[in-house]
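Modelling step: build the complete structure from the supplied sequences, incorporating the hints.
Number of protein chains: 2
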Amino acid sequence: MYQVGFDVGGTNLKAGIVSHDMEIIAHRNVTFPKGDTFENITGLMAEQVIDMAKEIMLPVSDFKSIGVATAGSIDTNRTTILHAHNLGFHNVPMVEEMHKYFPQIPVFLANDADAAALAELHAGALRGKKTAVLLTLGTGVGGGIILGGKLFKGGQGHGNEIGHMIIKQGGPICTCGNKGCIESLCTATWLIQQGRRVIVDNPIGLIYEKADGNMNNVTAKIVIDSAKEGDPIALDIFNTFMDSLSSAITSIVVLLDPETVALGGGVSLAGEFLIKPVRELVKQKSFFKMDHEVVAAQLGNTAGIIGAAMFAGNE
Amino acid sequence: MYQVGFDVGGTNLKAGIVSHDMEIIAHRNVTFPKGDTFENITGLMAEQVIDMAKEIMLPVSDFKSIGVATAGSIDTNRTTILHAHNLGFHNVPMVEEMHKYFPQIPVFLANDADAAALAELHAGALRGKKTAVLLTLGTGVGGGIILGGKLFKGGQGHGNEIGHMIIKQGGPICTCGNKGCIESLCTATWLIQQGRRVIVDNPIGLIYEKADGNMNNVTAKIVIDSAKEGDPIALDIFNTFMDSLSSAITSIVVLLDPETVALGGGVSLAGEFLIKPVRELVKQKSFFKMDHEVVAAQLGNTAGIIGAAMFAGNE
Chain A
1 MYQVGFDVGG TNLKAGIVSH DMEIIAHRNV TFPKGDTFEN ITGLMAEQVI DMAKEIMLPV
61 SDFKSIGVAT AGSIDTNRTT ILHAHNLGFH NVPMVEEMHK YFPQIPVFLA NDADAAALAE
121 LHAGALRGKK TAVLLTLGTG VGGGIILGGK LFKGGQGHGN EIGHMIIKQG GPICTCGNKG
181 CIESLCTATW LIQQGRRVIV DNPIGLIYEK ADGNMNNVTA KIVIDSAKEG DPIALDIFNT
241 FMDSLSSAIT SIVVLLDPET VALGGGVSLA GEFLIKPVRE LVKQKSFFKM DHEVVAAQLG
301 NTAGIIGAAM FAGNE
Chain B
1 MYQVGFDVGG TNLKAGIVSH DMEIIAHRNV TFPKGDTFEN ITGLMAEQVI DMAKEIMLPV
61 SDFKSIGVAT AGSIDTNRTT ILHAHNLGFH NVPMVEEMHK YFPQIPVFLA NDADAAALAE
121 LHAGALRGKK TAVLLTLGTG VGGGIILGGK LFKGGQGHGN EIGHMIIKQG GPICTCGNKG
181 CIESLCTATW LIQQGRRVIV DNPIGLIYEK ADGNMNNVTA KIVIDSAKEG DPIALDIFNT
241 FMDSLSSAIT SIVVLLDPET VALGGGVSLA GEFLIKPVRE LVKQKSFFKM DHEVVAAQLG
301 NTAGIIGAAM FAGNE
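So the sequences go chain by chain: A and B.
End of the first sequence sits at 315 in the working numbering; the numbers just go up one at a time, nothing left out.
End of the second sequence sits at 315 in the working numbering; the numbers just go up one at a time, nothing left out.
In case anyone wonders, no lab produced these hints; they're calculated from the structure.
Worth double-checking, as some hints may not be accurate.
Intra- or inter-copy, both count: the list cannot distinguish identical chains.
Under the rule of at most 27 Å between Cα atoms (straight-line distance), these lysine-lysine pairs were calculated in the DSSO-like manner [to be verified]:
| id | residue 1 | residue 2 |
| --- | --- | --- |
| 1 | K228 | K210 |
| 2 | K100 | K54 |
| 3 | K130 | K276 |
As structure tokens, this is what we get:
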């Protein structure tokens, strides 16, 4: 029994055929122009399905379901993408459009962080957990919540916007217009901003060197690597980042008392250099003063595909 | 069928006999010395049970259960009060001690905010809700969470410490030692502090007048009443309070997508003067930009008794 999973980003889509034991047995990664139409992108997705079916020599009718994960919000009926800002999608009827190509196959929509959390629950860092949270730290911050051993889709079916919990009133302006959201402080974007500021205001040290003194070369990896190598300016930035991230996790921990919080997304590639001190800070800051596991997510880039494929409406 | 409920505070205990339709048919409110022993207080509680039984002319054996709500934390077996700082209780075996008096009656322990939320769920502002939160704003901040139509006791059974979610990193020191917790910003305690500061630093206006220029006379009610009457200094304080409270509720709303957030505790007696603007602020700050009901709790002082009486381990 095979399921199709898509993870659709702003300019690329990842597709995979996922087996019942959650192995990806065929996959594609294709790009499309920024701002491409919804119809074009859906057409491109349909091509991948047909192409992957050929590769594994199975008829498309053998696919049990198609799951589509994107950033942004899904309507409560789970047929329409309400808003996916990175794709410029607003009220697009994804399920209906996909059914034009594959009328016999059930199509499911999911938020990408929800999909990743579902994948981690069944095949990754959250396996067997009843109450757990996945935080994806990338350009923005996404989150998937597991309650009672199942994906929590929000009390009213709107999912969660964990990245817009407020941890620093009066803090930096967030993409949402408010100040001090998790997303304004715990992202690769924030690390890059701070690194760029170093190049402008304080042009010495490892960040400056690694970026060849060019603001546009600064990446989150450069800032993290510079901190790892002991650069004091970079360490300062990284410590502030860990302070923010540990506050965010603490707020979640004191509310939900979860078994595990897993960190995914690009920033989490910093590994134990990030996670070990954050774990300690959370223990210090949490009223519970006990271990709530803080671990790295395990599935990396494939979590979205696997999770999307697993979506069937009743997860 | 009758159940006994206790709501035990720092220097007083409220007791009630609660009928199956959640009416309080007998009640007591007795004080005891600050720092009194656990054994004395339990003895006093037992007396109330016997006394109320006489009043309603029923044998004690007709009481189906005894529920005890206190501030603080309960062990995961729900037999021992781990810490109730206001009572000076640490690791006290409340269930065992109460069984010495009433060996035949099941005894249940609950956090007071959990008890209040359970009462609001069955007989108050949260009736019929599947996902909802009660915030009690008093000397501290407590919270009870309803998920799937049931009281959520924490993913690992530790309950919640919602008052220690961080909403203002680097903010005021909290009772827990961290900075910028909800409890450091959204309490009567904070309002009183600000009112006192007015008397010291800026001795004019309604707060000064109502408190007769005496710092020790300042109450949260004086600050709120002064704001209601349009005093600019008090309004400034009150607006800051609403900013903090709306940030706290926003953090909860974007995480849980609840149907309703109810506000209880002394500060909520400010009524719509508080709740209406907070509701608007939450809508502005929440990424969802839709109505998540923010309402007043309905049961007031009796919520603890009713909720405690309803505790039976499987709520």
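Verification of the hints:
no.: 1; hint: K228 with K210; result: within (13 Å within a copy, 58 Å between copies)
no.: 2; hint: K100 with K54; result: within (20 Å within a copy, 75 Å between copies)
no.: 3; hint: K130 with K276; result: within (23 Å within a copy, 37 Å between copies)
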